[in-house]
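S.K.: Line by line, the protein sequences give chains A and B. Just so we're aligned: the first sequence equals residues 28 to 367 in my numbering. Just so we're aligned: the second sequence equals residues 28 to 367 in my numbering.
Derived from the structure by calculation, the hints contain no laboratory data. Being a predicted model, the structure only gives us computed values, none of them experimental. Check each hint, because a few of them may be wrong.
[To be verified] Stretch-level coverage of chain A by chain B, calculated; a stretch enters the list once three of its residues show a Cβ under 8 Å from a Cβ in chain B: (1) 171 to 185; (2) 241 to 254; (3) 311 to 319.
[As the list claims (entries may be wrong)] Facing chain B, from chain A, some residues (calculated, C-beta under 8 Å): (4) Q340; (5) R341; (6) V357.
Just so it is clear, CB atoms sit at the ideal spot from N, CA and C, and this is done for glycine as well.
2 protein chains.
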Amino acid sequence: VKIALFLAGYGHVARRFAQLLHESEGALAALGIEPVVVAALSRRRGAAFDPDGLDLGAFERRPQTATNDPAAVARILDDMRPFPVRVLVETTTLNIESGEPAISHVRAALAAGADVITANKGPVAFAYRALADEAARAGRSFLFEGAVMDGVPIFGLVRDTLPAVTVTGFRGVVNSTTNYILTAMEQGEAYDTALARMQQAGVAEADPSLDVDGWDAAAKTAALANVLLDANTTPLALPREGIGPSTAARAVQARARGRRLKLVASGTGHGASADLRVALEELAADDPLAILDGQANALELQTWPLGRIVITQRDGGLEKTAYALVADLVTLARNRSMDR
Amino acid sequence: VKIALFLAGYGHVARRFAQLLHESEGALAALGIEPVVVAALSRRRGAAFDPDGLDLGAFERRPQTATNDPAAVARILDDMRPFPVRVLVETTTLNIESGEPAISHVRAALAAGADVITANKGPVAFAYRALADEAARAGRSFLFEGAVMDGVPIFGLVRDTLPAVTVTGFRGVVNSTTNYILTAMEQGEAYDTALARMQQAGVAEADPSLDVDGWDAAAKTAALANVLLDANTTPLALPREGIGPSTAARAVQARARGRRLKLVASGTGHGASADLRVALEELAADDPLAILDGQANALELQTWPLGRIVITQRDGGLEKTAYALVADLVTLARNRSMDR
Numbered sequence: 028v029k030i031a032l033f034l035a036g037y038g039h040v041a042r043r044f045a046q047l048l049h050e051s052e053g054a055l056a057a058l059g060i061e062p063v064v065v066a067a068l069s070r071r072r073g074a075a076f077d078p079d080g081l082d083l084g085a086f087e088r089r090p091q092t093a094t095n096d097p098a099a100v101a102r103i104l105d106d107m108r109p110f111p112v113r114v115l116v117e118t119t120t121l122n123i124e125s126g127e128p129a130i131s132h133v134r135a136a137l138a139a140g141a142d143v144i145t146a147n148k149g150p151v152a153f154a155y156r157a158l159a160d161e162a163a164r165a166g167r168s169f170l171f172e173g174a175v176m177d178g179v180p181i182f183g184l185v186r187d188t189l190p191a192v193t194v195t196g197f198r199g200v201v202n203s204t205t206n207y208i209l210t211a212m213e214q215g216e217a218y219d220t221a222l223a224r225m226q227q228a229g230v231a232e233a234d235p236s237l238d239v240d241g242w243d244a245a246a247k248t249a250a251l252a253n254v255l256l257d258a259n260t261t262p263l264a265l266p267r268e269g270i271g272p273s274t275a276a277r278a279v280q281a282r283a284r285g286r287r288l289k290l291v292a293s294g295t296g297h298g299a300s301a302d303l304r305v306a307l308e309e310l311a312a313d314d315p316l317a318i319l320d321g322q323a324n325a326l327e328l329q330t331w332p333l334g335r336i337v338i339t340q341r342d343g344g345l346e347k348t349a350y351a352l353v354a355d356l357v358t359l360a361r362n363r364s365m366d367r
Numbered sequence: 028v029k030i031a032l033f034l035a036g037y038g039h040v041a042r043r044f045a046q047l048l049h050e051s052e053g054a055l056a057a058l059g060i061e062p063v064v065v066a067a068l069s070r071r072r073g074a075a076f077d078p079d080g081l082d083l084g085a086f087e088r089r090p091q092t093a094t095n096d097p098a099a100v101a102r103i104l105d106d107m108r109p110f111p112v113r114v115l116v117e118t119t120t121l122n123i124e125s126g127e128p129a130i131s132h133v134r135a136a137l138a139a140g141a142d143v144i145t146a147n148k149g150p151v152a153f154a155y156r157a158l159a160d161e162a163a164r165a166g167r168s169f170l171f172e173g174a175v176m177d178g179v180p181i182f183g184l185v186r187d188t189l190p191a192v193t194v195t196g197f198r199g200v201v202n203s204t205t206n207y208i209l210t211a212m213e214q215g216e217a218y219d220t221a222l223a224r225m226q227q228a229g230v231a232e233a234d235p236s237l238d239v240d241g242w243d244a245a246a247k248t249a250a251l252a253n254v255l256l257d258a259n260t261t262p263l264a265l266p267r268e269g270i271g272p273s274t275a276a277r278a279v280q281a282r283a284r285g286r287r288l289k290l291v292a293s294g295t296g297h298g299a300s301a302d303l304r305v306a307l308e309e310l311a312a313d314d315p316l317a318i319l320d321g322q323a324n325a326l327e328l329q330t331w332p333l334g335r336i337v338i339t340q341r342d343g344g345l346e347k348t349a350y351a352l353v354a355d356l357v358t359l360a361r362n363r364s365m366d367r
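For reference, chain A alone in the conformation it holds in the complex:
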């Protein structure tokens, strides 16, 4: 089936996704999926639509001008109506206080009868229950595999491979920047030096507060809690700890005791009473979360009847997040074929 894609947000992840669609062309064709990017929207490059398939090279070469056309998303969704299968690929920059503009984009797409795939944490962290309901009413998919642990299929694992399993809790190391800095500080590096090195390497952002203040981990905790524990919460509602210069001494002391200091995202319980937090925890050396260095992430699920299952992503990188969008694309095509 031909699937018309609208890339809302055109940063590193969206570009790598477009590339990965080409690299995976054969595998997708074998699954009956023929994706075509027909529209894109970028903060700096404006909006573009071409029903015959957008020339992304030309789009990238556009002069960068700060444009902000609030009507652009609705207009593009309207332009796309002739396509029977339309998909919003949401990868805009997240406002951590509101989850916008992604939430509005998702809502507009579902209302227009399009499916939604996103690597953005905002919609699932701030508005999961409402958007899932809207998707169900519209008979469309709302998928967000890339929101947590990049390409590792954590939501797909529970949804597709663990039927009749009850998830009673989770704990994970889900933010790479803080994990890098904690590892460096254990080895004696000062916080500022480690952070500066991470920024030079492109691992940490110029403004690292989203990572080091624990906001990114809190958004992922809210996302996991909303989907797995039906918590209906937001990142703003969680107890949240970050890392800073004073964390160095704790990291060194833990290591000296044969333990590791990690920023752990966790949740137990169910619904509104679920106990959720992002906190520094000292872990035993053989804890599956303790052995993670650098970009590695891991999540432990506490379940009935399978007990504790851990899934670990040992290698990081942009193409992992981009892959999550490819996996979502296949899932939505499967959902569509089941509805037929």
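Given chain A, put chain B in place with the hints provided.
M.R.: Quick look at chain B alone, frame taken from chain A:
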């Protein structure tokens, strides 16, 4: 949909599976699945069939007599023909030199138009390609999630959540008995003492050769290689190492160097040229396979484009294997509904 089940093999796993069906009744009903055990076959209790649902309590109270009626499986499959959805639940004891009698049971079921779910390693380790082809021709499911890593959905993970991913290799700690004994020996216990203790605790069999000689790990390696790497091999064709009294010194020395000695099942490459083995390997302390104690199992998948993904089962137990059969039951119901 009402699903008629035939339990071929009635040991611990089959009994726990029957119990788990009751415990999961609500969750299965929500998925539209209504399982009914209508037949059972046991080496010591013979065969039983009741179209209204078998009384398993009465079956268990039967006098134990060594019966071996080679025509029983065919007769029961014939008796079950009035049911539109019939499933063979294969959990007989494996002959490690042939994969029988499970392979014959699977073949008979597919030929009779039944679906097959099994926790038995034999069929997938010895005859995967042939049986998968027979299942495809019959339009039926051949599922075996419990063959490797108990309830952790390793085959489901790749099949359902990693579309368009290429698996280029794997390595895992997949046998609990050898892992228990290696851990005990690291701490100074002698091989014979550790083995005897495991036998008393019910972890190791009275005849432990399947485990300690590496046969169980070899069967799982063949199963993984056949499904993930298209190797079309058998456990007999693999280089295979086990553990014994002389392994103790190596385990202690590795630990003294801050490393861990583990029995590792591994495979890389593709098809007939895939490089497969079961071997003792000394691992770095922060290797996800090195941290496993006792019943914990883990498998690392090497993939494109996701890099290395590890899935770890921290808790063991019979109900984990039984759950794999429940997951297979849901998968076959999904396959059936997609075919409609």
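S.K.: For each hint, tell me whether it holds in the structure or not.
M.R.: Cross-check of the supplied hints:
no. : hint       : result
1   : 171 to 185 : holds (count 5)
2   : 241 to 254 : violated (count 0)
3   : 311 to 319 : holds (count 5)
4   : Q340       : holds, 6 Å
5   : R341       : holds, 4 Å
6   : V357       : holds, 4 Å
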